[in-house]
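**Q** One letter stands for each residue in the lines below.
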Amino acid sequence: MDGLDTGDTAWMLASTALVLLMTPGLAFFYGGMVRSKSVLNMMMMSLSAMGLVGILWALYGYSMAFGNDVGAGLVGNPFEAWGLKGLFVGSYTGDAISYPLSGTIPALVFVSFQATFAIITVALVSGAVADRMKFGAWLLFAGIWATIVYFPVAHWVFAFSNESSGVVGGWIANNLAAIDFAGGTAVHINAGSAALALVLVLGKRRGWPRESMRPHNLPFVMLGAGLLWFGWFGFNAGSALGANGIAGFAMINTVVATCAAMLGWLITEKVRDGKPTSLGAASGIVAGLVAITPSCSSISPMGAILLGLIAGVVCALAVGLKFRFGFDDSLDVVGVHLVGGIIGTVLIGFLADPGSPAGVAGLFYGGGVDQLWRQVVGAVAVLLYSFTISYVIALVVKAIMGLRVDAEDEVTGIDEAEHAESAYDFSTLRSIGGSGTPRPDAAPPAAAAPIPAHASKES
Amino acid sequence: MMLVTAILKPFALDDVRSGLELVDVAGMTVGEVSGYGRQRGHTEFYRGADYHVDFVPKVRVEVVVDDAAVDRVVDALMTAARTGKIGDGKVWVTPVEAMVRVRTGERGADAL
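Residue numbers (our numbering), protein chains in the order written: chain E, 69 to 527; chain V, 6 to 117.
Bound conformation, chain E alone:
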């Protein structure tokens, strides 16, 4: 079949799986940072985003993001590919193979790849609301937010116009021509702004910030950071949409910027607190990944190291802002994703290297401020739109069903209140909750044999 590239398709199939793995990875990254009484709820907010957003994406999300523009580059036509219609009809075997393509890969591979982006963007928001948000309220927020914030913003940023087919895309990608290779604006600024709006409506955890809330499992956080970095190669290099040099360029930048950001965060901690921490290393990794996401096709590897260092240091300082301003962004979605996303998006305006695949010169390469203002406008537009609409969605969900669990449930632990489970069984006395009591309809245990008066306890 003309146009299909099997190498590209193979890489995009693999990339899709890589990016999907980031969401369970995020669940570990976030889950380790909360207290043991709310780890399951924390992980469930990520996993439920997979269930919910994956379906919405197939129903109308893809069409809203990548369907033909309905006007002004704001949103794609949700009915054009409703239920993925028109994207799978064709002949898959025999002599005349023909089915819809997206570039050089099957359209459905592109649909799947982009589905994983929608999922993780929604999951990222949940880090801000740890320990206290009703699970049902989270799902309602997540579904509405994906529909009227993520899907349109993905259209703005990721939907490129195609003159030969007459398809018109989004305004940031085409009219503004800001560079956002893999989602610094659409994913990270978007999720970070939404997280800020949501916590302002939701409120602080009980006891915060008077009582500091210690992460219960830092090895989980390290595991999650590792899975995120691994999956991020699909996120960034996969955004080349092919197995090619651009993917390779994005990949090396995803290595070096992340390394630099981890070191930057650790150096900041060493200087400020006296000790480099494992949570700092894991956080630095994610800050670097966030910052290189928009910029991995447009800056040189040495530029990526500088970018990563800046992101590591600035994000390490930015996570303290919530204490100054009094908003309980519990797991620092704002400090890492919003701030990191802005750094990565805006610094393209300075560091863009004309020798890179994007071929644009930033301020430091003699390009003046032309690209810089485009980057700033793109970042600010997504920030304002996401913050405003997210704030309204949060108010609406609050009015419909309330956002928070009861105070008692929050103190006892949201896992038990919302999911009827506890993550860990630490009890050593079996009669005090270790094995529990059988349900009334369960088979009765065999009658215990009477213990002989002189039986040895060891037998």
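Check the hints yourself; a few may be wrong.
What the hints assert, rightly or not - For each label pair, taking beta carbons as the anchor points, the in silico distance ranges come out as:
1. Y492(E) / D76(V): 41 to 47 Å
2. Y41(V) / I123(E): 51 to 57 Å
3. E476(E) / R106(V): 41 to 47 Å
4. T84(V) / L385(E): 34 to 40 Å
5. G204(E) / L8(V): 30 to 36 Å
6. E476(E) / D115(V): 49 to 55 Å
Source of the hints: derived by calculation from the structure; they are not laboratory data.
C-beta: ideal position from N, C-alpha, C; glycine also.
Got chain E; can you put chain V on it based on the hints?
**A** Okay, now just chain V, sitting in the frame of chain E:
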């Protein structure tokens, strides 16, 4: 009979156990406990936010001994657990009214 209770640093437990064996203490009860004295706690950092751990891990060792053995046992505990640094812990002695061995019903010093 006297109950000797000691709150000590957890790492001292092995030395305490062998030290008490040397003075013929035949058994003991040990628990993991948390607390602080003059040592106070320590500070941890999570993303730059400091977290004060007020209660530090300790072990509580309890033995019941004959009145005559009390000084020997307390000395053994001190020898085994002392590092000379703040936070080594405390030992106190309280009288015990009665004692029964569950298996045999023996009472008083016979039950030790």
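**Q** Verify the CB-CB distance for G204(E) and L8(V) against the hinted window 30 to 36 Å.
**A** With a Cβ separation near 54 Å, G204(E) and L8(V) fall outside 30 to 36 Å, so the hint is violated.
**Q** Per the hint of 51 to 57 Å, is the separation of the Cβ atoms of Y41(V) and I123(E) within bounds?
**A** Check passed, 53 Å falls within 51 to 57 Å.
**Q** Honestly, do E476(E) and R106(V) meet the 41 to 47 Å range at C-beta?
**A** With a Cβ separation near 45 Å, E476(E) and R106(V) satisfy 41 to 47 Å, so the hint holds.
**Q** Does the Cβ-Cβ separation between Y492(E) and D76(V) fall within 41 to 47 Å?
**A** Once the Cβ atoms are compared, 45 Å apart, the range 41 to 47 Å for D76(V) and Y492(E) holds.
**Q** Using the beta carbons of T84(V) and L385(E), state whether their distance is inside 34 to 40 Å or not.
**A** Taking Cβ atoms as reference, T84(V) and L385(E) lie about 50 Å apart, which means the hint is violated.
**Q** Can you let me know if the beta-carbon spacing of E476(E) and D115(V) is within 49 to 55 Å?
**A** holds, 51 Å
Checked against the numbered hints above, the structure violates hints 4, 5; every other hint is satisfied.
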